[in-house]
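Engineer: So the chains spell out like this:
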Amino acid sequence: MPEVAVRELTMAEAVREALAEEMRRDPRVFIMGEDVAEAGTPFKVLSGMVEEFGKSRVIDTPISEPGFTGIAVGAAMTGMRPVVDIMFGDFLTLVMDQMVNQAAKVHYMSGGAWKVPMVMRTTLGGGRRSAAQHSQSLHAWMSHVPGLKVVLPSTPYDAKGLMKTAIRDDNPVVFFEDKMMFKVKGPVPVEDYTIPFGVADVKREGEDITIVATSSMVPVALAAATMLEEIGISAEVVDPRTTWPLDEKTLIESAKKTSRAIVVDEGYEKYGVTAEIASVIATGAFYDLDAPVKRIGAMHVPIPFSPPLEDATIPTEQVIFEAAKKMCNK
Amino acid sequence: MTAAATESGTGPALGAEKLLHIYRQMTRIRFFEEQVNDLYLRAVMPGLSHLYSGEEAVAVGICEALRPDDYITSTHRGHGHCLAKGATPDRMYAELLGKEAGYCRGKGGSMHIADPASGNLGANAIVGGSVGMAAGAAFSAKMRGSGQVAVCFFGEGALGQGLLYEVLNLSKLWNLPVIYACENNMYNEYTHYSETTAGEILARPAAFGIPAEAVDGQNVRAVHAVAGRLVNDARAGNGPSFLLCNTYRYRGHHVGDVNREYYRAKQEETNWLTTRDPIKLLGDWMISEKLAQQPALDKIQAEVKSEIEAAVAFAIKSPYPAVDQVKEDVYA
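Sequences listed follow chains A and B, in order.
For the first sequence, counting from 1, position 42 maps to 41 in numbering that gives the first Met the number 0; every step adds exactly one.
For the second sequence, counting from 1, position 201 maps to 200 in numbering that gives the first Met the number 0; every step adds exactly one.
Calculated directly from the structure, the hints in this document are not laboratory data.
A hint or two may mislead.
Straight line, CA to CA, 20 Å or less: simulated PhoX-like cross-link-like pairs of lysine-lysine [unchecked claim]:
no.	chain 1	residue 1	chain 2	residue 2
1	B	Lys298	B	Lys279
2	A	Lys54	B	Lys171
3	A	Lys293	A	Lys269
4	B	Lys279	A	Lys114
Let's have the full structure, built from the sequences with the hints guiding it.
Structural biologist: Listed below in structure tokens is the structure:
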């Protein structure tokens, strides 16, 4: 974090500022999605954008995710740089053909002849009592597909810098924002900056155990680290920031240093992001590990509505604390 | 329906030179596909191909009404569209054989030929998968004020895909310069379209307020005339249109679909081949109208045959890509 940072923005404001700056910089950038214009999205991330850029660049669509995603793919191939808004990450299921079979593969299938410089903004995360179809974290699905890049910011600073990189990237990028984090504030410098993809950020340094955490789980991991500190365990929290490309080197180096690693992610634990990262660490840091790499993800159930049930499905700082304590034999 | 559309499709008369070019383009597609079939039978070509033989008048009639910088999207049965929009047989064969000289450096194959130089956004192996891309190219053309239009080729099998109707809605709402060219070759793979298609096809785009009409897809002059009008309309800012091209697939769903009697009669195929062949229909008409004589048509056939033979030879002797190219082009 540069020393010159003198102001705080919410996550929503940081995303909006990145979009606005890129739209001022590059007339090819435009936004389309459901209720993105006057409504500014249900999360109010885009409030004020249509007033500055007009309806020709902040475009309300019908409720037709595959249709407008397909249009974005074609527009991206032919000289524009669309930013598509998929209101809830659960609706990624609706656009899978356009993203997986079209956007992700056009460059490769054409032998490099065509490019698809588009960004898909969407959300992840539970905890809003929104039940099984509005609470999932499906970034593992997108991370599974060659040709896509997947971004998971956990702070306003990261969100702004990564969004600018996403818009300037010549590939399809899926950008996941945690719904619960939109109002969280953090320092964001006034001057222009970008954050490269594939560079993890150590959110807290530590000596005894590495906690790799993504997006919504970064503050949870940091809270767990504070609890661990009280019982004499020094935890390092590493945020990959992008699941693809993945900064394997930083993850491995951290695990080598601490000799223990937990991977926490709000996606389903089974066949998920935690499995991939745990495998990277287990392979790369094998001779330095004192314990098997532990995975903590969402419970393998559809996310329930009832608050005590939903809360049981999402990793908490207590769960991370207990796991770390056990791994450190305390 | 078809006859009326043909009658309504009388545009400005085409000169003999243009007609001979159209004849050459259709012949090029036909001969190209015959050699693809041969390459399959000789086990020279990996995988399968879906042949366009019989449908040449649709691709050529429409693409001859386009500018070089206009866009098309194509289908799994896409060789005809690619050639009609300006691809050359040598690099297409190279792609079909998985060679580095191919349009996609061997990474796409028969179902994914794409060529920015000729405005070809790509053939697509997902039925109906490219309709959004075509509308997106039209959207982009409109945003950029480039005056380009996009033609979205798709078969009647894509009428079952929901994406098509989302995109019809969006393209009419946003008045996009896109022409939806539905090639009804009557068979969704191995099933007659009457078993898969409720109601009237033209009533579907009409429900979105999109001008929709049918044309005899074996009559290249009719296709070209109506396409010219629709392209002009799109370019003039009048929004999308839908053209139902009634045609016929001479071959099977793919080159390996040889025994077809269980889903269609030999007699039906013979009837189309002998009485509705688009190349023969154009040739006969030109002779009857004294716009060409048989020797001129024979000369075109001979020239195209040589060109195709040379293109096949080029592809066969072209090298495969080096294996280390497998990881190239995943990301731009």
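Engineer: Does each hint fit the structure? Answer for all of them.
Structural biologist: To see whether the hints hold, each was checked on the structure:
About 15 Å separates the Cα atoms of B:Lys298 and B:Lys279, which keeps this hinted pair within 20 Å; it holds. For the proposed pair A:Lys54 and B:Lys171, the alpha carbon gap of about 17 Å is at most 20 Å, so the pair holds. Taking the CA atoms of A:Lys293 and A:Lys269, the gap is near 13 Å; set against the 20 Å cutoff, the hint holds. Of the supplied pair hints, the one linking B:Lys279 and A:Lys114 is violated, its CA atoms being roughly 40 Å apart against a limit of 20 Å.
Of the numbered hints listed earlier, the single one contradicted by the structure is hint 4.
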